[in-house]
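There are 2 protein chains.
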Amino acid sequence: MPQALSEFDLIKQYFVRQRPGRATLGIGDDCALLTPTAGKQIAISSDMLVEDRHFFAGADARMLGHKSLAVNLSDLAAMGARPVAFTLALALPQADRHWLAGFAEGLFALADEHGCELIGGDTTKGPLNICITVFGELAPGQALRRSAARAGDDIWISGALGDARLALAGYRMEQNLPPADLATAAARMHTPTPRVALGCALAEAGIVHAAIDISDGLVGDLGHILKASHVGATLDVDALPAGPVLARQDSALRRRYTAAGGDDYELCFTAPAASRDAIAALAISCGTPVTRVGRIDTEAGLRLVDAAGLPLDLQLTSFDHFSG
Amino acid sequence: MPQALSEFDLIKQYFVRQRPGRATLGIGDDCALLTPTAGKQIAISSDMLVEDRHFFAGADARMLGHKSLAVNLSDLAAMGARPVAFTLALALPQADRHWLAGFAEGLFALADEHGCELIGGDTTKGPLNICITVFGELAPGQALRRSAARAGDDIWISGALGDARLALAGYRMEQNLPPADLATAAARMHTPTPRVALGCALAEAGIVHAAIDISDGLVGDLGHILKASHVGATLDVDALPAGPVLARQDSALRRRYTAAGGDDYELCFTAPAASRDAIAALAISCGTPVTRVGRIDTEAGLRLVDAAGLPLDLQLTSFDHFSG
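These protein sequences, in sequence, are chains A and B. Mapping the first sequence onto the working numbering, position 207 (from 1) lands on 207, and the numbers just tick up by one. Mapping the second sequence onto the working numbering, position 165 (from 1) lands on 165, and the numbers just tick up by one.
Just so you know, not all the hints are guaranteed correct.
Which copy? The list can't say, so a pair holds if one copy fits it or any two copies do.
Stated by the list, open to error - Calculated cross-link-like contacts (lysine to any residue; reagent style SDA-like; alpha-carbon spacing at most 25 angstroms):
| hint | residue 1 | residue 2 |
| --- | --- | --- |
| 1 | 12 | 230 |
| 2 | 227 | 16 |
| 3 | 40 | 297 |
| 4 | 125 | 171 |
| 5 | 40 | 142 |
Derived by calculation from the structure, the hints in this document are not laboratory data.
The following block holds chain A by itself, in its conformation from the complex:
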């Protein structure tokens, strides 16, 4: 029988890597040390993932490793910051070698893709809880803030929405999906793609005003931009790009799940009409499709309309961790 893993063995075996990194000092001291690039600002985001809240009990460890970092990288992308490093704090019910190997594999595959180095953290025994804090860099003045939307801006969405929400409905038996469709939709839920290249390219080009990542559903997240920017918006719900599986569902479901699905990890950003061609060109160079889906208004409030411009009442609610 293999020996029980101590806390220090666990860190050494699964999370310390023998390769040169960006950090001046990484795992294994009281603190990690980062030397910031001269003249850059540091963007910092922290997300905590809890079993039965953000993922199912028994969720695949590799996917969980991916998703835990992906949701944080998505926050950097929404700010236009280039990923540099992250810390990982992990509470585990037990030190399960199979789980740890899978989790580390998913985590590092995504981290390596983005040159984002694990520089420190903590492990403890406790109900499964994954807390990642991520660090990115960007030039001063370049950050895409929620408060920067202006009346007249176009509203843009990256990628496609709603397949993660559709997978949840499939798991909950609220929707009956063929196994292949459920698997496709579920991949969006379990292994979202943070839009780092697009977010950074948009911020560096200086052609975008506000941005946010869509984690709690578009309507709620766009609402944060509207509130912070003291503006309103009109959203063409039928223009919202649906994920490939959701695109085959009826229009009522499509509207609901694209407008307020959650777990999308796409970017929603606003930009002046003069930026349209530049945005389209950047999106192509990043390999990330983008779609114009509405406009920012002077008038407060969010107006949902259909393809004909007629008002829609979808009775949507955004996700809130403490409501029900």
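Keeping the supplied structure of chain A fixed, place chain B upon it in accordance with the hints.
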């Protein structure tokens, strides 16, 4: 009946403060933005506190707010980094206003004392879990690393050890303590004092080699210095300064709890004999007592001795989160 708190109300009401801070952009966007001081390195530490593991169920929220930040500031102190900012990720079984108000009070009282600003984080529903990531600054080359101890160094300890461990023994009925003594010892357990001023002063003066903060018990934590520095040590256990309550207990208990108590959050550091006077002077100016308790040896291993220099076998074990 007061209305239920939403996630956003909770953050706004208890954790967003209307005062100018160090951050370029704080709570309320996808990321916080920090502008590092030119030429400084950033020290980063992350600690996760879990109910029934790091604190009792039903622990006083104000003390918990203090301790959650204190253990992180202690890591900065051990590196010699000046606190700048922190993020807070919080999983809560429910949004309890009384608990939140107490937690925020304890947290911000200590944060303000150290000019350390809350710049972001996350809140979610889940088993109580507190994850703080703290950021400090220091000049390149000034960090007090675990790997820097040299044979011939003195070993120093700040403050006093063991009262936190004695309080735990009192709570567990392993030791019978008068209520006033338990209360005094328990204050060390619940509201430790991170030795930030001392750690920074020592690092800035450049008179110290290695340092670590004592969280899992001196013998275990000093062991990390020995391993990282490829040296050994002789520790005069009877020279270890005991907390005021432990100081009144018998010598066997005093030896055990000072040498391997845990939850002390004092600094253990090594320095050449030539630094003795300078260290004593700095300690006085910081208002933090320091005591010389041993020396670093070329020979590997840690030798525990009594006041007469005779070997002691205390059968100590250091704390490990995954053993037992």
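Checked hints:
no. : hint      : in the structure
1   : 12 - 230  : between (49 angstroms within a copy, 17 angstroms between copies)
2   : 227 - 16  : between (42 angstroms within a copy, 16 angstroms between copies)
3   : 40 - 297  : neither (33 angstroms within a copy, 43 angstroms between copies)
4   : 125 - 171 : between (29 angstroms within a copy, 21 angstroms between copies)
5   : 40 - 142  : both (10 angstroms within a copy, 22 angstroms between copies)
Checked against the numbered hints given earlier, this structure breaks only hint 3.
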